[in-house]
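Going by this note's numbering, the letters in the sequence shown line up with residues 1 to 313, in that order.
Honestly, the hints are just simulated from the structure, not real lab data. There may be inaccurate statements among the hints.
[To be verified] Derived lysine to any residue pairs resembling SDA-like cross-links, with alpha carbons at most 20 Å apart:
| hint | residue 1 | residue 2 |
| --- | --- | --- |
| 1 | K202 | D143 |
| 2 | K204 | E296 |
| 3 | K204 | T235 |
| 4 | K202 | G140 |
| 5 | K283 | G140 |
| 6 | K283 | Q293 |
| 7 | K202 | E181 |
| 8 | K283 | E296 |
| 9 | K202 | D163 |
| 10 | K283 | H111 |
| 11 | K283 | L43 |
| 12 | K202 | Y247 |
| 13 | K202 | Q250 |
| 14 | K204 | R253 |
| 15 | K283 | Q298 |
| 16 | K204 | E236 |
| 17 | K202 | P226 |
| 18 | K202 | T228 |
| 19 | K202 | Y229 |
| 20 | K204 | L220 |
| 21 | K202 | M179 |
| 22 | K283 | M259 |
| 23 | K204 | V234 |
| 24 | K202 | E139 |
| 25 | K283 | A51 |
| 26 | K204 | T228 |
| 27 | K204 | R240 |
| 28 | K283 | L47 |
| 29 | K283 | S255 |
| 30 | K283 | T272 |
| 31 | K204 | Q250 |
| 32 | K202 | E296 |
| 33 | K204 | E187 |
| 34 | K204 | R184 |
| 35 | K283 | S115 |
| 36 | K204 | T227 |
[Stated by the list, open to error] Using C-beta positions, here's what the derived DEER-type ranges look like:
| hint | residue 1 | residue 2 | range |
| --- | --- | --- | --- |
| 37 | R265 | A51 | 20 to 30 Å |
| 38 | G218 | F286 | 46 to 56 Å |
| 39 | G140 | R265 | 32 to 42 Å |
| 40 | V69 | R260 | 14 to 24 Å |
Glycine included, C-beta positions come from ideal geometry on N, C-alpha and C.
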Amino acid sequence: MTDNGGTGTGAAGGEPAATAAGRLRAALRAPRLARAMGAHNPLSARLAEEAGFDVVWSSGLEISAAAGVPDANILAMPECLDAAAGLAAAVRTPVLADCDSGFGNVNNVIHMVRSYEARGIAGVCIEDKRFPKLNSFIEGNQDLAPLDDFAGKIRAAAETREDMVVVARLEALISGQGMDEALRRAEVYERAGADALLIHSKRKDPEEVFAFRAAYRGDLPVIVVPTTYNQVTVTELEQRGFAMAIYANQALRSSIRAMRDVLTRIMRDGTTRHVEAELAPLKEIFDLQRMPQMLEQQDRYESLGRELAEAAQ
Numbered sequence: 001m002t003d004n005g006g007t008g009t010g011a012a013g014g015e016p017a018a019t020a021a022g023r024l025r026a027a028l029r030a031p032r033l034a035r036a037m038g039a040h041n042p043l044s045a046r047l048a049e050e051a052g053f054d055v056v057w058s059s060g061l062e063i064s065a066a067a068g069v070p071d072a073n074i075l076a077m078p079e080c081l082d083a084a085a086g087l088a089a090a091v092r093t094p095v096l097a098d099c100d101s102g103f104g105n106v107n108n109v110i111h112m113v114r115s116y117e118a119r120g121i122a123g124v125c126i127e128d129k130r131f132p133k134l135n136s137f138i139e140g141n142q143d144l145a146p147l148d149d150f151a152g153k154i155r156a157a158a159e160t161r162e163d164m165v166v167v168a169r170l171e172a173l174i175s176g177q178g179m180d181e182a183l184r185r186a187e188v189y190e191r192a193g194a195d196a197l198l199i200h201s202k203r204k205d206p207e208e209v210f211a212f213r214a215a216y217r218g219d220l221p222v223i224v225v226p227t228t229y230n231q232v233t234v235t236e237l238e239q240r241g242f243a244m245a246i247y248a249n250q251a252l253r254s255s256i257r258a259m260r261d262v263l264t265r266i267m268r269d270g271t272t273r274h275v276e277a278e279l280a281p282l283k284e285i286f287d288l289q290r291m292p293q294m295l296e297q298q299d300r301y302e303s304l305g306r307e308l309a310e311a312a313q
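Full structure from sequences and hints, please.
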């Protein structure tokens, strides 16, 4: 498996840094709550890393929105994989990829795991809804996959991967099947070999996910996505025993509002003068592109090339 990490050292005795999957596992098992930020391209991944997030979430919603299509399995696996691999190649922070319901049946899941792991993705998250899935916050078909079918997908993923983290996403609360079903499925997915659980809810308050965490008696880290219950804090989630919070779409949503406002004002005013103070300077873009590093390595290798050529004369 390719690891796009740097050459830093681990905590013990100066040993090499863990793989991307190892860093993701460490984040999930750490005593403090890990924080993941959604991204859809290398630029947004680097901004998440720069801000200090522990994990980059390769967001299905953001990737679909950036492509201008609904988050409803319109994009095929290769398109989602290319997007996730672009994130992993751009940052050292481990990437956890939103893989919907696994892009098909158990054979699709096996192919997915091999493909994502080969491209340096630290972990995959698959949800127990029927294919094609619909975004969990949209009114429409949110039917769950049969329990045995999804348990087979989790076992296949766990037995196929070499190092990758496998997250089972529970949609029982989204589908209206209730807490008992969510807990029943959590137990089965743990036995199937999942490394972590993601419990999803569209309630306006966190009480539903709090109740799940209190009732869950298994050993797996539990992840939440506080999109609709956005008043909850990191401290509260940590105190309740959650392992990670995924802020799955806030970066994209903030950029849409900012871009729309600036474009409207330029069109209205016939000049960019009034918006320039609100724009990131070009230097920030060049830094995020790693332009200084590119120029430095270009100068270095051109100098070495000249020295080698002169030595041969």
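Hint-by-hint comparison with the structure:
1. K202 - D143: holds, 15 Å
2. K204 - E296: Answer violated: K204 to E296 is near 50 Å, above 20 Å.
3. K204 - T235: holds, 18 Å
4. K202 - G140: Measuring from Cα to Cα gives roughly 14 Å; hence the hint holds.
5. K283 - G140: With Cα atoms ~45 Å apart, K283 and G140 exceed 20 Å; violated.
6. K283 - Q293: holds, 13 Å
7. K202 - E181: Cα-Cα ~16 Å, so holds.
8. K283 - E296: holds, 16 Å
9. K202 - D163: violated, 32 Å
10. K283 - H111: It is violated: about 41 Å lies between the C-alpha atoms, which goes past 20 Å.
11. K283 - L43: With Cα atoms ~14 Å apart, K283 and L43 stay inside 20 Å; holds.
12. K202 - Y247: Answer holds: K202 to Y247 is near 14 Å, not above 20 Å.
13. K202 - Q250: holds, 16 Å
14. K204 - R253: Since the Cα atoms of K204 and R253 sit roughly 18 Å apart, the hinted pair holds (cutoff 20 Å).
15. K283 - Q298: With Cα atoms ~19 Å apart, K283 and Q298 stay inside 20 Å; holds.
16. K204 - E236: Holds, at about 16 Å.
17. K202 - P226: holds, 9 Å
18. K202 - T228: holds, 6 Å
19. K202 - Y229: holds, 8 Å
20. K204 - L220: Violated, at roughly 25 Å.
21. K202 - M179: Within the cut-off at roughly 14 Å; holds.
22. K283 - M259: The hint holds at about 19 Å.
23. K204 - V234: Cα-Cα ~17 Å, so holds.
24. K202 - E139: Satisfied, since the Cα-Cα distance of roughly 11 Å is no more than 20 Å.
25. K283 - A51: holds, 18 Å
26. K204 - T228: holds, 5 Å
27. K204 - R240: Holds, at about 18 Å.
28. K283 - L47: Holds, at roughly 14 Å.
29. K283 - S255: The hint holds at about 19 Å.
30. K283 - T272: Roughly 18 Å between the alpha carbons, so the hint for K283 and T272 holds.
31. K204 - Q250: With Cα atoms ~16 Å apart, K204 and Q250 stay inside 20 Å; holds.
32. K202 - E296: violated, 48 Å
33. K204 - E187: Roughly 26 Å separates the two Cα atoms, so the pair is violated.
34. K204 - R184: violated, 24 Å
35. K283 - S115: At roughly 36 Å apart (the allowed maximum being 20 Å), S115 and K283 break the hint.
36. K204 - T227: holds, 9 Å
37. R265 - A51: 20 to 30 Å: holds, 26 Å
38. G218 - F286: 46 to 56 Å: holds, 48 Å
39. G140 - R265: 32 to 42 Å: Given range 32 to 42 Å: holds, Cβ gap about 36 Å.
40. V69 - R260: 14 to 24 Å: Holds, since V69 and R260 (Cβ atoms, about 19 Å apart) stay within the stated range.
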